[in-house]
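**Q** Here's the letter readout for the chains.
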Amino acid sequence: MTEDSIRPIIRTEQLAKRVNSAESPSADSPMNGELILLHDINLTIARGAAVTIVGASGSGKSTLLGLLAGLDTPSQGRVWIDGVDLFALDEDGRARLRGAMIGFVFQSFQLLPNLTALENVMLPLELAGRRDAREVAHAVLVRVGLEPRVHHYPKQLSGGEQQRVAIARAFAPQPKLLFADEPTGNLDRATGTRIVDLLFELNREQHTTLILVTHDETLARRCNQRLTLDAGRLLVAGSLADPLIDPIINQGNAA
Amino acid sequence: MNTFALAMRMLRRDWQAGELRVLAAALIVAVTSITAVGFFTDRINQALHRQANELLGADLLIASDQPLAANVRDLTRQHGLHSTETLDFRSMVVAGDNTRLAEIKAVSDGYPLRGTLRTAPQRFAPDAPAVGVPAPGTVWLDAGLLGPLNLNIGDAITLGEARLTVAAVLTHEPARGGDLFSIAPRLMLNAADVPRTQLVQPASRVRYHLLVAGDNAQDISAYRAAITPLLKTGERIESIEDARPELRSALTRARSFLGLAALVSVMLASVAIATATRRFVLRHLDNCAMMRCLGAVQRDITRLYVYQILVLGLTASVLGCVLGYAAQGVLVNILGSMVSAELPPPSLWPVVSGLLTGMITLLGFSLPPLLQLKSVSPLRVLRRDIGAPQISNLTAYGAGITALAALMLWQAGEIKLGLYMLGGTVVTLLALGVFTVLLMRGLRLLHRHHSGHNSVAWRFGMANITRRAQGSVVQVVGFGIGIMALLLLTLVRGDLLDDWQKSLPADAPNRFLINIQPDQVAPIRSFLANAPAMEKHGKPVLFPMIRGRLTGVNDKPITPENYTDERAQRLVAREFNLSWAADMQADNKIVAGSWWKQTDPDKHVISVEEGLATTLGLKLGDSMQFSIAGSEFNATITSLRKVEWDSMHPNFFVLAPPGAFDTYPASFMTSLYVPIDKPDIMNALVKTFPNVTIIDVAAIMAQIRQIMERVTLAVEYVFMFTLLAGLLVLYAAIQSTLDERIHESAILRTLGARRGQLLTGLFAEFATLGLLAGLVAACAATLLGYVLATQLFHLPYTFNPWLWIIGVTGGTLGVGLAGLLGTQFILRQPPLQTLRNA
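These protein sequence lines map, in sequence, to chains A and B.
To convert, note that position 86 of the first sequence is 86 in this note's numbering; the numbers rise steadily by one, no gaps.
To convert, note that position 496 of the second sequence is 496 in this note's numbering; the numbers rise steadily by one, no gaps.
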């Protein structure tokens with residue numbers, strides 16, 4: 001085992017997010033004026049794992065996802081992605097890191113409406129300066145079964161097809177990490193199942209680490225690690241299905 | 001990453017999605033209007049500079065009211081320069097039973113020294129360069145004289161006492177490019193025939209020109225330096241640097257006025273651009289957040305949008321320049337022939353200024369909001385409610401407003417005028433804005449008190465206006481300005497002319513007779529007394545007219561340079577018409593001092609018109625020195641008079657008691673009313689007294705009307721761009737509220753609103769906007785018309801209800817229908833789809 005494969009893909013330390021609550025009547029008291037979205041989170045996620053973040057609405061799932069992906073900045077604490085201190089980087093540095101290592105799949109697909117399926121998949125490759133963007137994008141679209149639809153615009157595709165484009169876009173640059181936020185939330189059950197199958201297939205093929213936010217219990221059960229959030233606190237460590245993976249979950253202040 | 005290629009791909013997509021079309025259209029309208037005016041004024045400017053000697057007919061000319069002294073001519077020979085002389089005056093031309101006023105030019109061999117004369121052998125025949133000048137005994141006539149006089153080549157005409165043969169049609173003449181500054185068509189004859197006509201008498205108004213040309217510029221400047229000290233007052237040099245001063249000042253005015261009219265379009269286009277950009281930015285927040293997620297750094301985002309906007313801006317600006325070039329053709333058609341028969345092609349400067357205007361406007365109004373896209377939070381992909389950068393109006397559009405102010409200063413051409421205009425614009429916009437806000441408040445009150453009577457649809461439409469108050473005010477002011485300009489140019493202009501004509505009595509004199517010689521006074525009196533249908537209009541009074549130049553005030557010599565006022569300079573440079581009278585005219589009124597008594601022995605007193613006294617800074621007791629036919633006349637001002645100039649009776653700035661001018665040469669003039677159906681009386685008069693010049697007031701009025709019509713047509717044309725820009729503001733505003741409107745209409749339809757109700761609501765909203773704009777326009781046009789009539793033209797103001805009827809109905813229907821057209825497709829979207837996507 002190389003050092004690279006031992007190092008966890010994600011590690012957090014005392015990660016917390018608080019926001020000023022506009023509704024708060026007393027601005028001079030910081031405790032009253034603040035809304036705590038996430039309490040100190042300490043976690044480690046091993047390379048190649050499939051992790052699900054579950055919890056009720058408003059429990060802080062999306063906040064945690066946003067912080068892990070460097071889309072938002074924490075109020076305190078640190079996040080290391082593949083050994084890189086995420087918040088030691090500036091906004092553009094984090095964007096570069098995302099471009100190099102991270103893929104996203106969202107509930108609302110988030111395709112650029114003015115670009116075709118192919119162009120949407122090409123976008124992250126082009127942003128990374130890849131010259132073979134068109135070929136790679138085309139190949140990934142073929143892989144997700146959208147060959148006949150490559151030149152269609154998002155508007156001309158069904159929800160399931162749009163999500164396939166989004167998945168193709170996420171996997172095209174061969175990210176080390178894939179964040180998926182309710183990827184089946186806008187889809188019917190049958191389509192959702194096919195999308196999840198595709199997600200896990202690609203995850204296995206590319207040996208990507210998958211971090212999934214979902215309400216869908218069947219989907220959550222397919223992951224080998226579960227992080228449960230309740231009112232911003234991390235509650236339960238997930239099960240270990242694969243002996244190669246050794247996630248260390250520190251419940252921190254959660255108790 | 002190849003940002004440029006990606007930017008172009010996104011530009012193509014955004015273009016196809018229609019998001020950038022309003023922005024591009026606004027830019028095209030702005031650049032087209034600026035370059036159309038730019039190309040047009042540039043061509044005239046070039047004509048003035050490159051063809052200056054062609055416009056002069058020489059390299060330099062000396063113009064004078066009196067025959068030039070021999071030493072001036074001798075000097076020309078001493079400097080080894082070519083020269084020729086011309087005489088210009090107005091006279092009647094008689095052909096058979098017809099008479100016509102003509103502008104006569106007597107020329108000698110060598111004319112013109114620069115440029116060519118062109119003639120045709122017949123009317124409508126192709127013309128060719130003329131050989132020499134008209135031979136003695138022959139004349140060349142403008143086609144405008146041949147027709148009315150029913151003449152053909154070879155026919156005879158009478159000019160004064162001379163009979164001459166028509167030898168050719170004069171089609172082109174240097175120094176007479178356009179018809180803007182002439183009141184009658186041209187007759188050209190050989191200077192050798194002038195004595196035979198007996199038209200040039202000591203007191204007649206003749207312009208003498210000495211045309212000079214040399215083989216090189218040094219000779220001309222040496223000559224100019226030598227001749228300047230020899231010139232007397234009333235003798236003026238025109239060279240290629242200052243040729244055609246009247247054309248130059250007209251051009252300067254046209255450039256600032258048309259340029260500013262075009263700038264109004266640019267201003268409105270800027271509003272459209274700002275609105276369209278705002279929408280573009282809002283619609284691209286998600287895209288930017290997504291690209292940030294996918295690893296785009298801020299610089300990538302900035303570049304992506306700056307490339308897009310630059311390429312779009314350049315393309316639209318270039319297109320605007322091309323359209324502007326096409327559009328200037330229309331301006332040349334309307335106005336060009338008034339200046340010069342053939343205008344040179346334009347230079348590239350208008351293109352430069354068009355591109356600059358386009359880019360400055362675009363960058364000023366769309367770059368600041370676009371640049372904020374880079375700071376979109378990538379977190380927006382997870383939570384749509386956050387991450388929209390706050391676009392403050394002041395910081396975003398401060399740059400644009402500064403850019404517009406700079407454009408205005410640039411267009412005005414000089415700082416003082418520019419600041420003046422800038423101030424005027426700000427005050428006007430603020431006043432219109434405040435007025436609009438008040439109107440909207442009134443509307444809301446009215447609406448609140450009568451809401452029971454209004455249908456849901458109307459209530460909803462009206463509510464939309466007040467809800468989007470800021471945008472509504474901008475739209476109302478924009479349309480208001482456009483409608484106001486058109487109302488002013490069409491209705492108010494016509495009203496002012498009509499008011500003036502109505503203010504004249506029906507039998508106000510309609511002909512002026514001038515150049516009557518002293519020995520013709522009694523015969524003309526008896527001719528008119530015996531003429532049929534003339535007796536009942538009273539005996540015409542013949543006034544003596546002595547031409548004199550003002551040389552001093554209170555024994556101090558004066559020259560035009562002593563005055564800063566343009567009118568004062570002109571008055572001092574030209575000759576005055578002086579007259580004498582025993583009794584004051586009925587339509588004059590003494591405002592200071594007293595009229596002389598017949599027993600008063602002092603002949604060296606004068607009565608001065610009060611307007612002239614104000615212009616020249618004269619008061620009672622001041623003395624004025626005139627040079628009359630070479631000798632000095634000195635008199636003291638003993639009274640100031642108020643004169644009704646538009647009574648159409650002969651009136652004089654300066655009057656003296658009888659006998660004061662006995663030793664000076666005089667001619668006589670009068671004005672009289674000739675019944676419309678008896679024009680033959682004047683033909684008979686000219687045949688009997690061929691030297692008498694008859695000026696037909698109606699013909700001159702018709703010409704002034706024609707010139708005004710052409711000028712206003714040109715200005716209206718430029719204001720069409722303003723209306724177009726106004727429409728774009730409306731469309732940009734509609735677009736920016738489209739998502740909101742689609743959502744609203746989906747909800748309303750789900751709640752059971754019928755299509756007709758929704759359409760009525762939309763029409764109500766836009767029609768009310770148009771109604772407000774029409775009210776603002778009619779109000780402003782009425783106010784301006786009132787100020788123009790009472791303050792500038794001193795006419796009784798007549799209220800024109802059409803101003804309000806046309807302004808308000810035009811605004812209501814025009815804007816109402818345009819708005820409906822831009823929004824009705826909203827109703828075609830299935831509500832379920834809309835609600836699901838929201």
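Note that these hints are calculated values from the structure, not bench results.
Some hints here could point you the wrong way.
To be verified - A few chain A positions that, by computed beta-carbon distances, are all more than 12 Å from chain B:
id	residue
1	Ser59
2	Asp92
3	Gln107
What the hints assert, rightly or not - DEER-style ranges, computed between Cβ atoms:
id	chain 1	residue 1	chain 2	residue 2	range
4	A	Pro113	B	Glu709	49 to 55 Å
5	A	Ile36	B	Gly756	49 to 55 Å
6	A	Pro113	B	Asn333	44 to 50 Å
7	B	Pro345	A	Glu91	49 to 55 Å
8	A	Pro113	B	Tyr797	56 to 62 Å
9	A	Glu217	B	Gln824	44 to 50 Å
10	A	Ser57	B	Gln824	36 to 42 Å
11	A	His207	B	Gly752	52 to 58 Å
12	A	Ser57	B	Gly752	42 to 48 Å
13	B	Gly756	A	Ala56	42 to 48 Å
14	B	Leu348	A	Ser158	53 to 59 Å
15	A	Glu91	B	Asn333	40 to 46 Å
16	B	Gln824	A	His207	30 to 36 Å
17	A	Ser158	B	Phe4	42 to 48 Å
Nothing here was measured: the structure is a model prediction, and the numbers come from that model.
By construction, the Cβ of each residue, glycine as well, lies at the ideal position given by its N, Cα and C atoms.
**Q** Taking the hints in turn, state whether each one holds.
**A** We went through each hint and held it up to the structure:
no.: 1; hint: Ser59; result: holds, 14 Å
no.: 2; hint: Asp92; result: violated, 4 Å
no.: 3; hint: Gln107; result: violated, 9 Å
no.: 4; hint: A:Pro113 / B:Glu709: 49 to 55 Å; result: holds, 52 Å
no.: 5; hint: A:Ile36 / B:Gly756: 49 to 55 Å; result: holds, 53 Å
no.: 6; hint: A:Pro113 / B:Asn333: 44 to 50 Å; result: holds, 47 Å
no.: 7; hint: B:Pro345 / A:Glu91: 49 to 55 Å; result: holds, 54 Å
no.: 8; hint: A:Pro113 / B:Tyr797: 56 to 62 Å; result: holds, 59 Å
no.: 9; hint: A:Glu217 / B:Gln824: 44 to 50 Å; result: holds, 48 Å
no.: 10; hint: A:Ser57 / B:Gln824: 36 to 42 Å; result: holds, 40 Å
no.: 11; hint: A:His207 / B:Gly752: 52 to 58 Å; result: holds, 57 Å
no.: 12; hint: A:Ser57 / B:Gly752: 42 to 48 Å; result: violated, 33 Å
no.: 13; hint: B:Gly756 / A:Ala56: 42 to 48 Å; result: holds, 47 Å
no.: 14; hint: B:Leu348 / A:Ser158: 53 to 59 Å; result: holds, 55 Å
no.: 15; hint: A:Glu91 / B:Asn333: 40 to 46 Å; result: violated, 58 Å
no.: 16; hint: B:Gln824 / A:His207: 30 to 36 Å; result: violated, 55 Å
no.: 17; hint: A:Ser158 / B:Phe4: 42 to 48 Å; result: violated, 34 Å
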